[in-house]
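Protein chains in written order, with the numbering used here: chain A, 30 to 143; chain B, 2 to 114.
Treat the hints loosely; a few may be bogus.
[As the list claims (entries may be wrong)] Listed below are the simulated DSS-like cross-link pairs for lysine-lysine, each with C-alpha atoms no more than 27 Å apart in a straight line:
hint: 1; chain 1: B; residue 1: K72; chain 2: A; residue 2: K70
hint: 2; chain 1: B; residue 1: K43; chain 2: A; residue 2: K95
hint: 3; chain 1: B; residue 1: K72; chain 2: A; residue 2: K49
hint: 4; chain 1: B; residue 1: K72; chain 2: A; residue 2: K131
hint: 5; chain 1: B; residue 1: K43; chain 2: B; residue 2: K69
[Unchecked claim] Beyond 12 Å from chain B on every Cβ pair, some chain A residues (computed):
hint: 6; residue: S44
hint: 7; residue: S47
hint: 8; residue: V48
hint: 9; residue: D56
hint: 10; residue: E81
hint: 11; residue: S83
hint: 12; residue: F96
hint: 13; residue: N99
hint: 14; residue: L103
hint: 15; residue: T104
hint: 16; residue: S112
hint: 17; residue: S118
[Said to hold, decoys possible] Partial chain A-side listing against chain B, Cβ under 8 Å, derived:
hint: 18; residue: V40
hint: 19; residue: F68
hint: 20; residue: P69
hint: 21; residue: S72
hint: 22; residue: L73
hint: 23; residue: L75
hint: 24; residue: I122
hint: 25; residue: E130
hint: 26; residue: G135
hint: 27; residue: G137
If you're looking for bench data, these hints aren't it; they were derived computationally from the structure. The C-beta atom is built at its ideal place from N, Cα and C for all residues, glycine as well.
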Amino acid sequence: GAVVSQHPSRVICKSGTSVKIECRSLDFQATTMFWYRQFPKQSLMLMATSNEGSKATYEQGVEKDKFLINHASLTLSTLTVTSAHPEDSSFYICSVKGFNEKLFFGSGTQLSVL
Amino acid sequence: GENVEQHPSTLSVQEGDSAVIKCTYSDSASNYFPWYKQELGKGPQLIIDIRSNVGEKKDQRIAVTLNKTAKHFSLHITETQPEDSAVYFCAANVRSNDYKLSFGAGTTVTVRA
Chain A
30 GAVVSQHPSR VICKSGTSVK IECRSLDFQA TTMFWYRQFP KQSLMLMATS NEGSKATYEQ
90 GVEKDKFLIN HASLTLSTLT VTSAHPEDSS FYICSVKGFN EKLFFGSGTQ LSVL
Chain B
2 GENVEQHPST LSVQEGDSAV IKCTYSDSAS NYFPWYKQEL GKGPQLIIDI RSNVGEKKDQ
62 RIAVTLNKTA KHFSLHITET QPEDSAVYFC AANVRSNDYK LSFGAGTTVT VRA
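Pulled out of the complex, with its shape left as it was, chain A reads as follows (with noise of 0.2 Å):
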């Protein structure tokens, strides 16, 4: 399968500052990436696809001006999260869509905003 590497595992952040995430396809090209957002006991959160030369397509109720994504190389998304404030708090983790519609996740970023 994709190996998916995601960094930083996490961060800590004032309020209003801006964090970014990035995550990298090691071994696959990656068209479409997908990021997702997971609370404590939750369940996984689809947030938003990135497609790789395009424009990301974006969940209902998640802010692209929030969540601001690229994905310029086959290899390598971004999710920044902008004017970060302390309910973006989360575990935020980035998937590669590979072969036969096989899904691979990153290792996550915890992102604690204070």
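Mind docking chain B on chain A? Use the hints.
Just chain B, lined up with the frame of chain A:
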């Protein structure tokens, strides 16, 4: 949209016993059903998947069964070991959402030594 229901939410088993997790889905067009294992602080790991053209798939101690008529699928773990302790998520693809995956709520499995 697709509603994937997963039961039980928690499961405690004695080491060596079997664990079974069940999921139901609502979209009759769903044709791909993966299972993920997530350890604390990590991303989910794909452990097994099944497509709608087969009824059962096995990989060592893990097996998945699918009943398309009843729209339910199950994960079976035999001879459980402490390292099987984790949160398990089922998922199904959803035609109305471009066949993206919809996840169940998760099952926390604890294997008692």
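Consistency of the hints with the structure:
1. The hinted pair formed by K72(B) and K70(A) meets the criterion: a straight-line CA distance of about 26 Å does not exceed 27 Å.
2. The hinted pair formed by K43(B) and K95(A) meets the criterion: a straight-line CA distance of about 24 Å does not exceed 27 Å.
3. Taking the CA atoms of K72(B) and K49(A), the gap is near 40 Å; set against the 27 Å cutoff, the hint is violated.
4. A hinted pair counts as satisfied when its Cα atoms are at most 27 Å apart, and K72(B) with K131(A) qualifies at roughly 20 Å.
5. Proposed proximity of K43(B) and K69(B) is contradicted: the alpha carbons are some 32 Å apart, above 27 Å.
6. At roughly 24 Å, the least C-beta separation between S44(A) and chain B is larger than 12 Å, which holds for a residue marked as non-interface.
7. Separation of S47(A) from chain B is adequate, the least Cβ-Cβ distance of about 23 Å exceeding the 12 Å criterion.
8. Even its closest Cβ contact with chain B, about 18 Å, leaves V48(A) beyond 12 Å, as expected for a residue assigned away from the interface.
9. The beta carbon of D56(A) sits about 15 Å from the closest Cβ of chain B, which is more than 12 Å, so the claim that it is off the interface holds.
10. Even its closest Cβ contact with chain B, about 16 Å, leaves E81(A) beyond 12 Å, as expected for a residue assigned away from the interface.
11. Every C-beta of chain B lies more than 12 Å from that of S83(A), the closest at about 14 Å, which supports listing it as non-interface.
12. Every CB of chain B is more than 12 Å from the CB of F96(A) (nearest about 17 Å), matching its label as outside the interface.
13. Every CB of chain B is more than 12 Å from the CB of N99(A) (nearest about 20 Å), matching its label as outside the interface.
14. The non-interface label for L103(A) is consistent with chain B: the shortest C-beta to C-beta separation is roughly 20 Å, beyond 12 Å.
15. With a least CB separation of 17 Å from chain B, T104(A) remains clear of the 12 Å interface cut-off, as annotated.
16. The Cβ of S112(A) lies farther than 12 Å from every Cβ of chain B, with a closest approach of about 26 Å, so its non-interface assignment holds.
17. Here S118(A) stays apart from chain B, with its beta-carbon at least about 15 Å from theirs, past the 12 Å limit.
18. For V40(A), the shortest C-beta to C-beta distance to chain B is roughly 14 Å, which exceeds 8 Å, and the interface hint is violated.
19. For F68(A), the interface hint is violated, the least distance from its beta-carbon to any beta-carbon of chain B being 12 Å, above 8 Å.
20. For P69(A), the suggested interface contact is broken, since its CB lies about 10 Å from the closest CB of chain B, more than 8 Å.
21. With a cut of 8 Å, the hint placing S72(A) at the interface with chain B holds, because the nearest CB-to-CB distance is about 5 Å.
22. About 5 Å separates the beta-carbon of L73(A) from the nearest beta-carbon of chain B, less than 8 Å, and the hint is met.
23. Hint status for L75(A) relative to chain B: holds, with the closest Cβ pair at about 6 Å, below 8 Å.
24. Interface restraint check for I122(A): the shortest CB-CB distance to chain B comes to about 5 Å, inside 8 Å, so the restraint holds.
25. A cut of 8 Å between beta carbons decides the hint on E130(A): the least distance to chain B is about 5 Å, and the hint holds.
26. Interface restraint check: G135(A) against chain B, minimum CB-CB distance 5 Å, threshold 8 Å, status holds.
27. For G137(A), the shortest C-beta to C-beta distance to chain B is roughly 5 Å, which falls under 8 Å, so the interface hint holds.
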